[in-house]
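Taken in order, these protein sequences are the chains called X and E. Counting from 1, one number per residue, gives the positions in the first sequence under our numbering. Counting from 1, one number per residue, gives the positions in the second sequence under our numbering.
Only true hints are included.
Distance windows between CB atoms, simulated:
(1) E82(X) / E311(E): 53 to 63 Å
(2) R67(X) / I312(E): 47 to 57 Å
(3) E334(E) / F13(X): 44 to 54 Å
(4) A64(X) / P82(E): 51 to 61 Å
(5) I75(X) / V29(E): 21 to 31 Å
(6) D264(E) / N16(X): 16 to 26 Å
(7) Q63(X) / I312(E): 49 to 59 Å
(8) A183(E) / F13(X): 46 to 56 Å
Please keep in mind that the hints were generated in silico from the structure rather than gathered at the bench. Every residue, glycine too, gets a C-beta built ideally from N, C-alpha and C.
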Amino acid sequence: MCLAIPGRVLKTFEENGLVMGLIDYAGVQNQACLTYTPEAEVGSYVIVHAGFALQILNEDEAQASLRELSRLADIMEEDRKEKDAK
Amino acid sequence: MKYLDEFRDPQLAKGLLEEIKRAVTGPWVIMEICGGQTHSIMRYGIDQLLPPEITLVHGPGCPVCVTPLETIDRALAIAARPDVIFTSFGDMLRVPGSSDDLFRVKSRGGDVRMVYSPLEAVKMARENPDREVVFLAVGFETTAPGNAMAIKQAAAEGLTNFSEIVSHVLVPPAMEAILSSPACRVQGFLAAGHVCTIMGWDEYEPIAAKYRVPIVPTGFEPVDILEGILKTVQLLENGQPGVENQYLRVVSAEGNPAARAVVDEIYTVCDRKWRGIGMIPGSGLMIRDEMAAFDAEKKFKVEGIVTEEPEICISGEILQGLKKPHECPAFGKECTPTSPLGATMVSSEGACAAYHKYSRKGLL
Ligand code: SF4
Chain X
1 MCLAIPGRVL KTFEENGLVM GLIDYAGVQN QACLTYTPEA EVGSYVIVHA
51 GFALQILNED EAQASLRELS RLADIMEEDR KEKDAK
Chain E
1 MKYLDEFRDP QLAKGLLEEI KRAVTGPWVI MEICGGQTHS IMRYGIDQLL
51 PPEITLVHGP GCPVCVTPLE TIDRALAIAA RPDVIFTSFG DMLRVPGSSD
101 DLFRVKSRGG DVRMVYSPLE AVKMARENPD REVVFLAVGF ETTAPGNAMA
151 IKQAAAEGLT NFSEIVSHVL VPPAMEAILS SPACRVQGFL AAGHVCTIMG
201 WDEYEPIAAK YRVPIVPTGF EPVDILEGIL KTVQLLENGQ PGVENQYLRV
251 VSAEGNPAAR AVVDEIYTVC DRKWRGIGMI PGSGLMIRDE MAAFDAEKKF
301 KVEGIVTEEP EICISGEILQ GLKKPHECPA FGKECTPTSP LGATMVSSEG
351 ACAAYHKYSR KGLL
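Put together the whole structure using the sequences plus the hints.
Spelled out as structure tokens, the structure:
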């Protein structure tokens, strides 16, 4: 139920007094309310759940996590090769 | 999809798995709180890839599963009224009440409509001034801000034909209920990442300190879950209770204060009964007295609800991490996703449904 996925803000507009965004999820587009993420702008990635953006995805943190995890995967791969060689 | 696919990369998952194997001496019992995480764990066969020292137990984090039977029965009675357009998220439609569900009410002519956002229900109220639009507001902290905004919006527009049946639940009191049970075997938690987008992770620090457990807010993709498990195992092995955030790209310490402010404006904390578990003090949200005009349970008094749970169902013990679905005698026999006996088999995020669905083949 708490499923929430990242999508990219394509445009923002106002509807019935609420800030809304048109969000792109790899080609599928849908509207979401941006009232809880007022700093979201065109190009931001937001985490959307049940029609509301809950947070702006921190792209720097995402890249840093991926770099760290690739490093770990490489170390493990090296270790495995070493063990196999022995 | 960007920021999803990268966190499903088998190479990264493999590296994490090896590091977990290297770090663990165990044995450890770790609970993932959220049904979405249970679903991912089963889908990618993560439980079967982990070293035998780690046991994952599945938490109560499926709001559909824990919505009390009385609430469902009351919702069904309101949905059957001819003056009502009844709206709900899709996952609630098949949840069995004592003798009925929303789908069957619809097939008998009830005007039951699925919505993707609670704002769609407000729109229906705007467009149908001669009908009463009722929204079944269930969910955790993740869903409460949207559902609260629907009432705020209806109030701002002066709509008098919109109301909600509110059965919101809160995660930390449920964690405390699990931890303080004498039968508790959980030693560490993967906290529900999307609940933390709203609440932040700092509300878990007092729980981690009081019960001396590690709590790791974790995302939903396989790489997230494996990293969450690794961090939990490292904290356990080092004898370090405390909170460590895995889901850095989405969760901050403070969460989303703007969303919490609207939740506080519309709802207030109350005691709440969890289906299968029982009453947990301070574990729910209800509509504030000032907003009573938007409370469907006050607007449409439904009397004489007598609930009946199937005796055989052990979903309560499953939701507390005490038993696993296949230990239920009805699992896969009398109880299947097409004819569910309990809510944990209905919701796709329920542990019983997840066990039933996945032919548990590994990702790697
Ligand atoms: S298998 Fe069905 S009857 Fe058994 S615990 Fe799960 S939902 Fe209840």
